[in-house]
Each structure stands twice: as C-alpha cells, then as structure tokens.
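Peer 1: In order, the protein sequences belong to chains A and B. Under this note's numbering, the residue at position 196 of the first sequence is numbered 196, and the numbers go up by one with no gaps. Just add 1000 to the spot in the second sequence (first one is 1) and you have this note's numbering.
Quick caveat, the hints were computed from the structure, so don't treat them as lab data. Beta carbons are placed, not taken as given, at the ideal position from N, Cα and C, and that holds for glycine. Treat the hints with care, since some could be wrong.
[To be verified] From the structure, some residues in chain A lie toward chain B, with a derived Cβ separation under 10 angstroms:
1) K3
2) L264
3) T267
Listed below, chain by chain, are the residues.
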Amino acid sequence: MLKTFLIGIKDLRLAFRDRAALILMLAAPFVLTLGLGLVTGRFSGNNSNGLSDIPVIIINLDNDQLGNALVDTFQSADLADLVEPVIETDVNAARKSIDEDKAAAVVIIPEGFTKNIMPQRGDFTNQAQANAEPLKIEIYANPSRSTGAGIIKAIVDEFLSRVEEGRVSGTTTIVQLMISQQLTPEQAEEAGLAMSERLQDSSSNMTDTLAIKLNSSTSSGEQVEFDILAYIAPGMALMFLMYTVSYGGRSILAEKSQGTLPRLLVTPTNSTQILGGKVFGIFLTGAAQMLILIGASSMFFQLKWGDTLGVVMLVLAAVFGATGWGMLITALARTPSQVASVGSAVMLIFGILGGSFISLDQMPPLVQTISKITPNAWALDGFTTLGLGGTLADLSAPITALLSMGLVLFLASVLLFGRKNLAQK
Amino acid sequence: MPNILEVQNLVKNYGDFRAVKGVTFNIQEGEIFSLLGPNGAGKTTTISMLSTLYTPTSGDAVIGGYSITKDPMAVRRVIGVVPQDLALYEDLTARENLIFWGQMYNLSGKALTTRVDEVLEQIGLTDKAKDRVKTYSGGMKRRVNIGVGLLHKPRLLFMDEPTVGIDPQSRRAILDTVKDLNKQGMTLLYTTHYMEEAQELSDRVGIIDHGELIAIGTQKELTQQVGQAETLILHIGENDDSDALAASLKGIQGVQQAEGVEHEVSIVCSEAEDVLAAVVTKANERGIKIRSIDIREPNLEAVFLHLTGRALRD
Chain A
1 MLKTFLIGIK DLRLAFRDRA ALILMLAAPF VLTLGLGLVT GRFSGNNSNG
51 LSDIPVIIIN LDNDQLGNAL VDTFQSADLA DLVEPVIETD VNAARKSIDE
101 DKAAAVVIIP EGFTKNIMPQ RGDFTNQAQA NAEPLKIEIY ANPSRSTGAG
151 IIKAIVDEFL SRVEEGRVSG TTTIVQLMIS QQLTPEQAEE AGLAMSERLQ
201 DSSSNMTDTL AIKLNSSTSS GEQVEFDILA YIAPGMALMF LMYTVSYGGR
251 SILAEKSQGT LPRLLVTPTN STQILGGKVF GIFLTGAAQM LILIGASSMF
301 FQLKWGDTLG VVMLVLAAVF GATGWGMLIT ALARTPSQVA SVGSAVMLIF
351 GILGGSFISL DQMPPLVQTI SKITPNAWAL DGFTTLGLGG TLADLSAPIT
401 ALLSMGLVLF LASVLLFGRK NLAQK
Chain B
1001 MPNILEVQNL VKNYGDFRAV KGVTFNIQEG EIFSLLGPNG AGKTTTISML
1051 STLYTPTSGD AVIGGYSITK DPMAVRRVIG VVPQDLALYE DLTARENLIF
1101 WGQMYNLSGK ALTTRVDEVL EQIGLTDKAK DRVKTYSGGM KRRVNIGVGL
1151 LHKPRLLFMD EPTVGIDPQS RRAILDTVKD LNKQGMTLLY TTHYMEEAQE
1201 LSDRVGIIDH GELIAIGTQK ELTQQVGQAE TLILHIGEND DSDALAASLK
1251 GIQGVQQAEG VEHEVSIVCS EAEDVLAAVV TKANERGIKI RSIDIREPNL
1301 EAVFLHLTGR ALRD
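Sequences and hints are given; from them, build the entire structure.
Peer 2: Laid out in structure tokens, this is it:
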C-alpha cells in the first residue's frame, strides 16, 4: 500500500514537472474558459449568462388555455432577460422573418391545440376523437442562430413535457380505476374533465416550475444566479481531464520503453503494487488538475461552483471514471505514441459528445444517449446541478454512474493488461 | 567460498527462437564473474532471468539460497541490478531518484537518507545531487544508474554492460567503482562484449555465444585452451579489404586462425616470428600496405576466436 502511494506521488511530481503537459492540463482549459467566457459576454458585465434577449416570434393560433399558457411562459419575468418574444398572427410573414435572420425561431401553436390535449365532454365515448393524431407545436428555427433556437426549443420541450406528464399520469390513473371497476365510463368522463381543469390551472402556473430560467433557488431558499461560466469552465476542465488520464496511461508504456518499469519489477515490489501505483498517480494528477482549475476559476473569474462537498465528491468521481478510460486506452495500445494519438482523439470526441462545446440539450436524442458513455456528460450534469444550487444529495445519479463507469473500465483494463508483457522493453 | 549463485540448465525461448540454450554455471561469494560475448549472445536475457524479470522457459537458478522461479521476491532482496540502458526518471534530481528507488527497496526514514548520502558520495555526485538528471552528462547518468543498484547493499550485483556508449574517462571511473565494490565484499556478475574489461575485472569469465556458454574458467584456464598461441594484429589501410587478406593468410603454415575486422586482421599463430615474414609477403602481393603490427600474448580475444572462428566485435 505504501509503495502504491509512493509510486503515485512520484507520478504526480513528474506530471507537474512536464511543461508540455502542464500547458495542456492547466493553461489550455483555463485560456479556453476565458475565451469562451469573453465570446458569451460573461466578462462584459452586460449579462451574467452570456445569452440574452433571444428574439422569438410566437404565433398563437390556439388562443385557448394551453396556447395562452405557453405565451405567458415566454412573456414571464423569469425569462425576460433571456428571450424577447414578439406575438404575431401571420405564419408566412413570421417564417420570412426567420429567413431574413430577424429572429432565432418561430413558435407556431396550432389551432385546437388545447382541445387536442385536454379531454372535453363526450371525448371519452368518442372513438374518432380518441384515435385523432395529436397536434404538435411547430418550431421554425434559424440555423444561423442555433444556440438561441436550441434554447427556444428547450423551453417549448420543457413546457410540453410538463403538460404531457400531467395528462399521462391522470389518464393512467383513470384507466387503472376503470380496469379495477372502481369507476364507470360515465364517472371516468367526469374524472377526466376534472383532471383537465386541474391541468389547465397548473399550466397557467407553468413558469413557476419551468427548469429553464435564469434563477434557481437553493434548498435553503436562497436565490442563486446561474452563471454560464459554471457550464463552460467544468466543460473545458473535463475535456482536458481526458488528456491528463491518457497522459498518465501513456506513462505506463513510456516507463516500459524507458526501462524504469522493468527496473521496478526487479525490486521487492509486486506488479499489483506497481500497476496500482500508476493508476493512483493518474487519479492524483487528474484530481489535482481539476481542483487547481476550480480554484483558479473561482479566484480569477469569481465563479461559484456551488456546494463544496458536492464539488469535491463530484471531482473525485469524475476523475475515477476518466481514469478508467485512460487505463482502457493504455491497455489497448502498444506504444506511448498510440496512447497519445488515441487519447487526443478521445479527448475531443468526448468533449463534443459530453457537452463541453454545445449543451447536450441541443443535441439529437441519439447523441444524448451516446453521451452517457462519457464521464464528461455525467460530470457536467452534476456541475450544472451544483451551479443551479444543488447539493451532494442531488448528485447521486452522476456520481453513481461515474463510479460504476470507472470500476467496469478498470476491471476490463486489468484483464487486458494481464495479457501484456510489462517486463519486455 | 560458498556459491552465492548456482545456475542449472537455464533456457529461454521466444516463440521458436531459443535465446539461451541451457546455461549452467556458479558464482562464488566475493568474486567478479564476467559473461563475455558479442551483442546478441544472450547475456542480457540471462541476466534478466537471474534478476527475476523474465521467467525461464526451463531450468532454475538459486541465488543466496532462494530459487528464482519459486521465490522471486526473496531473490530481489538479495540482488541489485544495473541495467544496460539508463533506467532513471530524468525529471527528478539524482537525490530524488535515489530516494524513490531506495523506498522501492524497503528503505525509509533516517536509514534511507543516510544511505542516499553514502551512495551520492560513492558515485561522486554529492555536489550535483539537487540537479535534475536530464541536465547530466552521459557518464554522470551512468553513475546514478549504478548508484540505484547499490542502495540496499545487495550481496550480488548484476551489471549489464554498464560502460556502453560512454567516454573513456567515465568508463575508467565505472571500472574503478566495480573494483572498489568488490573490495568491500560485494559479489558481481558483469556482462560485457569488451575483452579488455573482462580481463581487467574478472576473477572468472564465462564466454557466451549464440545462447550457449562455450567456455568458463579463470583467464589463465581459458587461455590455456588455445595453447601458447600468440595473436598478430595487422593494421591496414582504410580502403583495403581485411576479409580477403585474412582468407589468403589462412593457408600459411603456422597460422591457426585469421579474421578481418574493419581495418585490422587478427591472426592466431603458434609463434608470431615464424609467420611474420610470410604474412607481410602475402599483404604485399595483394598490394595492401601494412601500417603497423602488434604481437599479443594469448588473451580472451584469442580464446573467443579459437572457439568460434569469429572475432568478439563481429
């Protein structure tokens, strides 16, 4: 155990004496965070989140409860800084405005949208109504303003998911009661209408519970402001964490080719202690890198990362998950240069997939699913939760996922390493 | 003196290739034993098996009473290893390197710092101990490489061609260090392809070629194998064909072996004076100008030439 610790400390020391590694471990993510902060206006002082006054045209052809609720949502005080909604009635004119790059998106709420969603009297016994295709809200997005359009889409998606959630849970309850013969069809219709009224009431208060807004509150009720840098900084740190773990993995093969690993193997130190020490070294270096970047961004950018215990635990879990990937890359590679090449590619791919550049909310569902294999996505999810005022108690999903990921990858790496001849230079 | 090392029929295969073919020898406590042979002869593979880095395909060796196959961890406490290539962390200082490697040999606390100071003194790098190894000259790095092997005061030290690729001054310093260590009671297994080093250092020599130990004994015992033969070394011009001249000299009466290497021709003969005139005549006939001639008493080079028909540097 002591030798494992000593080997890990030695590797940490070597990593922090390698100037090239330091540039990529610390300077690059710091500078990129600074650069993206400048691009998003984080440092201009005009807006704390870098995204503001996104122009959006809303066409409410529904003019009923849900359509009006969505309009109210866009016009709510919570979204006042984020979006700049304009209400229009001419669909073609609105589309033309998008084509002329005058707005980020048009939201078209179709006629009869509320009636289509909410059950009306007679709908429960009307087969044609029951089988009718659901009406959809159309978003006509401006491709040149993908970020803004993505946010508008996310607001609409969030609104619809809340409506759908209430509708599905109510319908499921009524159907279950009917199956168990606790409700007759006539009683079911009455219950459905009552559910519809509750849904309409709650939709008018939708903005109170909408996840996408600038402000969030902590468990203690204290209002916290979400800082866009709280997304950018961990995104960059996590992307370059992948560099650090592949650098650490590369050092295993580098020690083999430089002769220090064979020399270690002829000391009274067993191979488990040596490999354990190397893994511990990668973990220590990754954790040090993350904590330094967190400290530096707090000091220089006044960035609030959130609950300290949550941040520390999430960093350790993220580094553990990333270390698993570093070990797997090393176990599959034959030379240090192969680890470097594959590691750089994985760093970029995981950076993109994991949301370091573009928020995962704006990615297609398939990409969002694939992103779950990356430590970046899980950790970024955790850091966003902390940035919005969450605590360690809210991080069970990302931390469990990261620890499981690290464990599975580490076991796979050990099996693959068992087939390698570490003694042979 | 008792044997500290007993090697029994050690074999190492790499696939179909047999790198070491059943080597058997002993080393007595307190002696310097050299394994002499050309590059690729199997010296490093043999040392790698003895130091427990490689597992033998068959055979075994007992070091300090412990089997290398059954109790490798106990063997590692008895031995020290100075590998052929530098095996150091160049971004650490000499002191940091020695402390780390000392810890790997289970040294700690005051015993570790005291021993590190002693080794730094022994390798002559006390003044440069705080400099990173990457700033050192090749010779200084070699000395640190040796120092690492000495930290835990091993009973048996393996040194695998420690003078390859360094300047004559550093080489001399290393050879003196080897002698000093032996005087202090350390047993050494030294591999080299330099005949001069084996002659200068060794109590006994094993000559290894193509994975086989083809001769073993003291220098006197080995040179007796080639009788009273002497070696004539002809130094010829850079553009002259030493191989062709050597081939033509083999027909001269009294010449036992003739081998051309670069700008030299080595001739093993019973009496140098008897063949000298004929050798010079042959060279003149071929238009080869002899620049100088050395006559050497029987040595390990002659033994190797006698046993293999090839020069050591081939």
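Peer 1: Against chain B, is T267 of chain A within 10 angstroms by beta-carbon distance?
Peer 2: holds, 4 angstroms
Peer 1: Go through the hint on K3 of chain A and say holds or violated, using the shortest Cβ distance to chain B against 10 angstroms.
Peer 2: With a minimum Cβ separation of about 7 angstroms from chain B (threshold 10 angstroms), the hint on K3 of chain A holds.
Peer 1: Have a go at the L264 of chain A hint: is there a Cβ in chain B nearer than 10 angstroms to its own Cβ?
Peer 2: holds, 6 angstroms
In this structure, none of the earlier numbered hints is contradicted; all agree with it.
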